[in-house]
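Participant: Sequence:
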Amino acid sequence: MATANRPRYATPRGGRPRTPRRPTLNVTGPELTGLLSNMASLATQRTSAGSRFPAGATPNKCEMEMTAAGFRTWRRSIETWLRLAGWPDEEAVLHIRLLCAPDLQCAVDARFDRNQWEAMQPSEALDAISKLVLQTSNQAVRWSDFFNARQKPGESVSVYINRCAQEAVDCGFQCPGCRENLSEYMLIRKVMVGLHDSALKQEVFRRCDTYTDIDSLRNFCSSFEAAQRDANRFERERTVAGSDVIVDDVTEEEPLVAASRHQPPAAKNTNRSTATEKLHNKVSGQCYYCGQWHVLDRMACPAYNRKCNACGKRGHLKKVCKSVKTREEVMISSIEVGAASLLPEPTVSVMVTAKVSGVVQKVDAIADTGAQVCVAGPKLLSVLDIKPAQLLRRAGIRDLAKIPLTSLGAAVCRISLGECSTMQEVYFIKSVERMYLSLTACKELGIVHPDFPKPVPMVAGAAIEGNMGSDIPERPTSMPFKPLEENVAFSRSGY
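Numbering (the UniProt record's numbering), first residue to last: 1 to 495.
Don't read these hints as lab results, they were simulated from the structure.
Bear in mind that the values here come from a model prediction, so they are computed numbers and not experimental data.
Wrong hints could be hidden among the right ones.
[What the hints assert, rightly or not] Simulated restraints, written as ranges between beta carbons of each label pair:
{"no.": "1", "residue 1": "V412", "residue 2": "P453", "range": "22 to 28 Å"}
{"no.": "2", "residue 1": "N148", "residue 2": "T212", "range": "23 to 29 Å"}
{"no.": "3", "residue 1": "E79", "residue 2": "G315", "range": "57 to 63 Å"}
All C-beta atoms, glycine included, are put in the ideal place defined by N, C-alpha and C.
Throw the hints in and build the complete structure from the sequences for me.
Facilitator: As structure tokens, this is what we get:
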């Protein structure tokens, strides 16, 4: 099929449009190296400026009069923080000064001017702060603190080992011959000697040659401690669920012995314990149901589900049963004469309230009418939640044998007995286990007569009811003879 031919158009004679050549930078090698270094520094600054640390990652501020262990921890945190931040040395020393307390900053400014401080390296700045912060102590004092360290009642083995480890580092034990570090060697032996649990200490002494490092000793003690805690928990659960033990066959001496050996739970798992268990782990005192000192947990009381031999009721022991404390009272004029059974120690239950903490505790005190002040032991000091810094003063106290007693200090406490109460300064003595009431406290509480130790005045009469008559003859009201000299012989002869 034939088609029409397309018309041809004239082609323009001009060529394609020319693109201008890109400009080139003609630089030498040194100039190019300088530009690359500047670009790298700018990239580093942008990366540093863009990185942000969480608020919890900033170390705490350094305080004046810190312990050696506390300053070591703070210095290590600062070094790690500066390394992660990547600041240059001239900026790092500025951050170190900002992480000091205001009083420490004043001490640094008084010792170094601005140019001297900025010219320091970070390690030199930390060394300068250590000279201002660390408490001055004698080497012999640090040795004494290490060798006298003991595990406190209720303190876990891990906390006790960590405390001894810090004191061992402060002592810096070294071999005088080869200058080898002996801190771990001394720490293992110190931990074994200072354990509080006698059963655990016996097992550790029996296996003393098997502990090659402190970690092996820590693992064994922690396992033994956990086994005791789990055994006590299983025993309480078995008692609640019911057991085959006959209550009448268990004497009261066995729960008392178990209570004396009972220790508060040492380690607390914050992830598993409830709020009630945390409260019970913190509060300890004298139990109303068994009369012993232990954690105030009803399930952990030795008297739980026990039968009293006095009244037959369950839940308490004969020692604290109210039915035993019966009294016979006879009224003679205005004097009340009471007959009660004699106890080995004249104790009286009083309520003690600490003024500084407000904690109220029931205490079995001893009425000591020969004491001038009220005294108590360190156990009551911890129960009342009184810190050593809250004690008023230390007084020189001596016993009856004129032997000085070590006084920890005094605290104002309100002592209540029934409707009577008194404010007394209670002195806490290191070697005392019970609480002793002074003569003044006994008078104000009504334990003794206000005129004690003066004799009680003769009463005018007595109201005594009785059905039986008396064969005693009446007292004569007149003399049989006149009071004359010649009647003396008759009076002596009886007629």
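Participant: So which of those numbered hints doesn't the model satisfy?
Facilitator: As far as the earlier hints go, not one is violated by this structure.
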